[in-house]
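First to last, the protein sequences are chains A and B. Per the numbering used here, residue 1 is the first one in the first sequence, and the count goes up by one each step. Per the numbering used here, residue 1 is the first one in the second sequence, and the count goes up by one each step.
Some hints here could point you the wrong way.
[Unchecked claim] Computed Cβ-Cβ distance ranges for the label pairs, DEER-style:
#1 A/Asp83 with B/Ser100: 14 to 20 Å
#2 A/Leu126 with B/Ser702: 49 to 55 Å
#3 B/Arg103 with A/Asp83: 20 to 26 Å
#4 A/Gly10 with B/Val191: 52 to 58 Å
#5 A/Thr120 with B/Glu320: 15 to 21 Å
[Claimed, not checked] Per the computed footprint, the stretches of chain A lying under chain B, defined by three or more beta-carbons under 8 Å from a beta-carbon of chain B, are:
#6 20-27
#7 50-62
#8 108-120
#9 142-150
Bear in mind the hints are in silico, worked out from the structure with no lab data behind them. In this text, a Cβ means the ideal position worked out from N, Cα and C, and glycines have one as well.
Here are the chains, one letter per residue:
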Amino acid sequence: MATTNLKINGKEYSVDVDPSTPLLWVLRDHLNLVGTKYGCGVAACGACVVHLEGEAVRSCVTKINRAAGKEVVTIEGLSEHGDHPLQKAWEQVDVPQCGYCQSGQIMSAAVLLREIPNPTDEDIDLAMTGNICRCGTYLRIREAIHLAAEIQTKLK
Amino acid sequence: MNIPTSNKKELKNVTSQVFKASRRDFLKMGGLLAGGFVLGVNFFGCNEKGEKITSIAPNVYLQITSTGEVIIITHRSEMGQGIRTSLPLIVADELGAEWSKVRIVQAEGDEKKYGSQNTDGSFSVRMFYKPMREAGAIAKLLFMQAAAKQWQVPVAECDTAAGKVVHRRSGKSIEFGKLVTTAQTLPIPNVKDIKLKERQQFTMIGKATPIVDLHDIVSGTAVFGIDTVVENMKIAVIKRCPVLGGKVKSYNDKETLAVPGVLKVIPIKGGDIPPTIEKPLSGVAVIAENTWAAIKGRDLLDVTWDLGEHATYDSAQQLEELSKEILKKGTIRRNRGDFDRAKVEAKKVIEHTYIAPYLAHGTIEPPNALAVVKNGKCEVWAPTQHPQGARDAVANALGMPADEVKVNITLLGGGFGRKSKPDFIVEAALLAQESGLPIKVQWTREDDLHHDFFHALSVQRITATIDQNNQISGWNHHIAYPSISATFDTSVLQPADGELGQGASDFPYDVPAVKVETHDAKAHLRIGWLRSVRNIPQVFAIATMLDELAEARGLDPVKQALELLGDDRAITFDDEIVDGKYGNYGEDISVYPWETGRMKKVIEKVAQEANWGRKLPAGSGLGFAAHKSFLTYVACIVEVKVGPDNKISIPHVHYAVDCGTAVNIDRIKSQFEGGAQFSASIALKSEITVKEGAVVQNNFDSYQIVRMPEAPQQIHVHIIESEDKPTGVGEPPVPPFTPALCNAIYAATGKRIYKLPIDLKG
Ligand code: FES
Ligand code: FES
Numbered sequence: 001m002a003t004t005n006l007k008i009n010g011k012e013y014s015v016d017v018d019p020s021t022p023l024l025w026v027l028r029d030h031l032n033l034v035g036t037k038y039g040c041g042v043a044a045c046g047a048c049v050v051h052l053e054g055e056a057v058r059s060c061v062t063k064i065n066r067a068a069g070k071e072v073v074t075i076e077g078l079s080e081h082g083d084h085p086l087q088k089a090w091e092q093v094d095v096p097q098c099g100y101c102q103s104g105q106i107m108s109a110a111v112l113l114r115e116i117p118n119p120t121d122e123d124i125d126l127a128m129t130g131n132i133c134r135c136g137t138y139l140r141i142r143e144a145i146h147l148a149a150e151i152q153t154k155l156k
Numbered sequence: 001m002n003i004p005t006s007n008k009k010e011l012k013n014v015t016s017q018v019f020k021a022s023r024r025d026f027l028k029m030g031g032l033l034a035g036g037f038v039l040g041v042n043f044f045g046c047n048e049k050g051e052k053i054t055s056i057a058p059n060v061y062l063q064i065t066s067t068g069e070v071i072i073i074t075h076r077s078e079m080g081q082g083i084r085t086s087l088p089l090i091v092a093d094e095l096g097a098e099w100s101k102v103r104i105v106q107a108e109g110d111e112k113k114y115g116s117q118n119t120d121g122s123f124s125v126r127m128f129y130k131p132m133r134e135a136g137a138i139a140k141l142l143f144m145q146a147a148a149k150q151w152q153v154p155v156a157e158c159d160t161a162a163g164k165v166v167h168r169r170s171g172k173s174i175e176f177g178k179l180v181t182t183a184q185t186l187p188i189p190n191v192k193d194i195k196l197k198e199r200q201q202f203t204m205i206g207k208a209t210p211i212v213d214l215h216d217i218v219s220g221t222a223v224f225g226i227d228t229v230v231e232n233m234k235i236a237v238i239k240r241c242p243v244l245g246g247k248v249k250s251y252n253d254k255e256t257l258a259v260p261g262v263l264k265v266i267p268i269k270g271g272d273i274p275p276t277i278e279k280p281l282s283g284v285a286v287i288a289e290n291t292w293a294a295i296k297g298r299d300l301l302d303v304t305w306d307l308g309e310h311a312t313y314d315s316a317q318q319l320e321e322l323s324k325e326i327l328k329k330g331t332i333r334r335n336r337g338d339f340d341r342a343k344v345e346a347k348k349v350i351e352h353t354y355i356a357p358y359l360a361h362g363t364i365e366p367p368n369a370l371a372v373v374k375n376g377k378c379e380v381w382a383p384t385q386h387p388q389g390a391r392d393a394v395a396n397a398l399g400m401p402a403d404e405v406k407v408n409i410t411l412l413g414g415g416f417g418r419k420s421k422p423d424f425i426v427e428a429a430l431l432a433q434e435s436g437l438p439i440k441v442q443w444t445r446e447d448d449l450h451h452d453f454f455h456a457l458s459v460q461r462i463t464a465t466i467d468q469n470n471q472i473s474g475w476n477h478h479i480a481y482p483s484i485s486a487t488f489d490t491s492v493l494q495p496a497d498g499e500l501g502q503g504a505s506d507f508p509y510d511v512p513a514v515k516v517e518t519h520d521a522k523a524h525l526r527i528g529w530l531r532s533v534r535n536i537p538q539v540f541a542i543a544t545m546l547d548e549l550a551e552a553r554g555l556d557p558v559k560q561a562l563e564l565l566g567d568d569r570a571i572t573f574d575d576e577i578v579d580g581k582y583g584n585y586g587e588d589i590s591v592y593p594w595e596t597g598r599m600k601k602v603i604e605k606v607a608q609e610a611n612w613g614r615k616l617p618a619g620s621g622l623g624f625a626a627h628k629s630f631l632t633y634v635a636c637i638v639e640v641k642v643g644p645d646n647k648i649s650i651p652h653v654h655y656a657v658d659c660g661t662a663v664n665i666d667r668i669k670s671q672f673e674g675g676a677q678f679s680a681s682i683a684l685k686s687e688i689t690v691k692e693g694a695v696v697q698n699n700f701d702s703y704q705i706v707r708m709p710e711a712p713q714q715i716h717v718h719i720i721e722s723e724d725k726p727t728g729v730g731e732p733p734v735p736p737f738t739p740a741l742c743n744a745i746y747a748a749t750g751k752r753i754y755k756l757p758i759d760l761k762g
């Protein structure tokens, strides 16, 4: 057990956990930020993607000490009212089916959209290949990312 | 573990929210059935202004408050098919409600009140379209009567729209909420007095309505089973015997108990054969303060197993054995004409063996369940497709009357048939009882893939004959796979009628001699049902063989299908089914007939929309397959491109579907989009194998699911306009896609596919 200081969605937390604990379980079990999901635990599905210092990471394989003192953003903190251009686009396209994979999808897409404001289909394929959607919403995800790019451009 | 003080409050809030949500979601509805004469009066307490809020519940699905809120109870499980939207919108449409004022509340599992809640078999819309319309129409009539009384006008002059009753002649209108008190003094109208809307009056049915949980999902606040929390909840992760029927012999938990956060280790009795869907597997559970400690503790457990009778089972070996077995004579299950004679007289005989592997459901949310056992009662929160089955199974396991068990349904992160089995819920209940603690059982992905109720592997052989006149004269389909029934009764060695009735015994084509034979195949795993079930392998074999036959006859496969379906008529199978019955997915075939005309129509539609017959560059091809399942008619054309490196890409998929009256166009489309992707995983990627009795694949790195770059790139869904009774769309998209893709690959490369998943290098 060790105390780790965390900064998540702009808020400071300190947790006393086994330092080998993955960030995912700290978020879910200790801080009740359950928007980040467990799907595989081995970096194979993308359900657990969060931002660590602005980078998309798989929180299921990110040990908590790696996140210590760094800026973490989860789906709950992506926007204040769930109105990030991606979230708006997701709603307009009615992307989700079961919805379970979608926070991971949105978090992966958010980094893509910041790095490449107008991504091509290939850019999207590349950025999203680590995110499984068992329900098969891939085409709507792609459509929504293109739409979010438009919404984002208009906002600028 | 310490919860930091800054966060303690937040955590407590979340906890009480779960309880609150469950209370809010399970309002006591007064138990009023449509047509009853008891007043459905409920008191909600007060609003912020201190005004008393009352409500009326004209039936079990509906409650309207004096503030104008329309609460619709949804009693089916949401797993991505959109049912929490599609059934309520039917009620809202008939009632004339304002959709933005509708609140959806998930019902608990209660058979007496809601009828079957088993969300399976693509039947929610099929079974509840009419009851939902009636529920809305009864409430509509009640409010019209209340308004008519208030206005002193004839009821017939009233109508409803956008949450109000309107009086056409005078132009007067009044909100439902303002009529609640008057409505409370009136008897609930009888269902025989209502008048349902005409189609042209629909405001929501047949249009596209976004799902009700959309905002919660994209903002990360939707509550799945895995997200439920109650005060003092502990997490259990279980080490289960890797081999079916194996049992714990002994275990050493010294290292486990040394893991900080681990509280207890509890052995679980189980591992019975037959396994059933309710009983737990034998194993050892680690109870911990948090999931990570439980997982770590579980990994450190040292268990010695008595592996039992399946310890040497090897799936590759079983496939080999079954491939020999199906060369023999089998048990005849359907017989028309004289196949043997057709074979003797044939000009050409084509024969192939088709092999398909075990599949796992791989719901993206692995199984999990939270149970609290206290004072002889049990309350459960779980992502379940079958809350009533879960309630009975838990009651049974705990030795409690079913009335003392309450099952609350969360959102499901995928179901596909996995979550209709209550085994994981029973585990939570048993551990909660044994430990005296609220327990959430969490399955890891590895657990999920190792201990699923698997889609069975299969070997089939089809022999088809072409006569002197170039007609298909005979069809002999040999089938071998472990039956789902073996999960309940190990003496069952051959497919059940219900399994054969998913494509094989209901082979609809006009061939003079048809013989379906089945063979013994022993179950060595828990066999279950996976989205569209036996249609998957059976239609893979049938529709690829038909394509091969068309080629041998020099015919276009689409033309051949239309021709083989013959004149427009309703076909039956019972006369030809030997010692059995055609199940028709549980529906009377006189009510839901098998209509060749409807099948032909979807085939014609898809051919036209996909521009069938067009020339494609070398390495590209179009493939066709059509199949009716779960009473829905589907035809599919896939366009494929195969690169020089054998890389398969799928630029277009076209579907035409006749599912009767379309309820929510957007969710029909999304089910087809998802169904194609689901089938693409089956065709291209997924395979479970077993060695020494244990599943080899551990996670999504080895059990693969299609990902975005390889997924079909455009999926076009063409819905036939129909006024027929609605039928479901959750499963029917899956079966025809895989053979259509195989046929497209043949068109592109000249290579026939006889084995799944597709391997072009092999
Ligand atoms: S849970 Fe982290 S990638 Fe799957
Ligand atoms: S929406 Fe269900 S897994 Fe993606």
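Quick rundown of the hints versus the structure:
1. A/Asp83 with B/Ser100: 14 to 20 Å: holds, 18 Å
2. A/Leu126 with B/Ser702: 49 to 55 Å: Violated, since leucine 126 of chain A and serine 702 of chain B (Cβ atoms, about 23 Å apart) do not stay within the stated range.
3. B/Arg103 with A/Asp83: 20 to 26 Å: Given about 22 Å between the Cβ atoms, the range holds.
4. A/Gly10 with B/Val191: 52 to 58 Å: With Cβ atoms ~55 Å apart, the hint holds.
5. A/Thr120 with B/Glu320: 15 to 21 Å: violated, 47 Å
6. 20-27: Answer holds; 4 residues pass the 8 Å Cβ test.
7. 50-62: violated (count 0)
8. 108-120: This one is violated; 0 residues, fewer than the three required, reach chain B with a Cβ under 8 Å.
9. 142-150: Answer violated; 1 residues pass the 8 Å Cβ test.
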